[in-house]
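Whenever a hint applies, use it, and build me the whole structure from the sequences.
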Amino acid sequence: MTHQGVVALPRKERLILELLASDGPMYGLQLVDRSDGALKRGTVYVTLGRMEAKGLVESEQEPAPPGGIGLPRRIYRPTALGQRMLRALTAFARELAWEVKP
Amino acid sequence: MTGTTGGPRLPGTTLLKIARLLLNEHLLSTVVQPTISDLQREIADAGPSGRKRLRARWRGYCAFWTMMLVAPFASSSPAEDVGAVAFPDAVARLAVGSILVSTLAVAGPMLGAWVAVIAAVGTLFAILIHAWYARHPSDLPVPTEPQRRFPQINFSSTEVAGNIGGLIFVVGSVFIVATGLPSVILFLFAATVTGCALAWALVTWHTSHPKRGLPENQIVFR
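Chains as they are written, first to last, in my numbering: chain G, 1 to 102; chain U, 1 to 222.
These are computed hints drawn from the structure, not numbers from a lab.
Don't take every hint at face value.
What the hints assert, rightly or not - When the alpha-carbon atoms are kept at most 30 Å apart in a straight line, the in silico DSS-like pairs for lysine-lysine are as follows:
1. LYS52/U / LYS40/G
2. LYS52/U / LYS17/U
3. LYS12/G / LYS52/U
4. LYS40/G / LYS12/G
5. LYS40/G / LYS17/U
The structure is reproduced here in structure tokens:
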């Protein structure tokens, strides 16, 4: 959400960016499993779709294995913009933590 | 792709068909298909254990229907710039949904389960018609000039006088309301009797005062 040029990142989107940046490309169910309950499987792809629209992540369909059945999975990875935003927000949070420490 | 090539029917095939009726292609490819893909993979990974497969199905179906509730509020096209609101018409949809749920919550206990069922079926039917029309739009050409007249249901310019058309209109209206709201049949009966009495009084008065009648109704082109 923009407010006078300031870009905010919701908590779930930041968590997804952190997981993708630390563990590499993943699909939705892997993100849910590694989030310790913070992400729900019913909404994770809606969140990922919103992040993709913002340009924070990008996705591609997993190539179907030979003889594989079912729909192909969609693999997500952070974009350069998403990684920059994560770094900036982490540095910002660290700065604030330093400021408020006694 | 969905396992329709003669093999066993894959779980989620019907869910995908339902979603295709209600959501656009963008949401289907980015939200629905990955969710169903997870459902299929999780069931496949559950192995032969019936209990594990049932658990995987249950979790997958819950995820699908949760997604179906949330996904319509998502934007159908990517946002213009970073951080832009991704749900441009979410507020309107949320408002309509809230009004509908509130109306059902209030009207349901007062008017009975029949009214709630009728309202739910009507809502579902309206959603299906809307989804169908969105996927199969009309072939009628779109006017290039701005319209000065808008389609609307308006009986004010239609002559519904004391003829067979008026009788059919009144009887049909009463029948529709009585079918949808059986609890107001007594009210309709009282209103009909009162209306007949009022009509008889008006006819009597106009007969005795022929020059003071209202101007004849006309079909007005607006």
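- Task: Tell me, in ascending order, the numbers of any earlier hints that this structure violates.
- Result: Hints that this structure does not satisfy do not exist here, as all of them hold.
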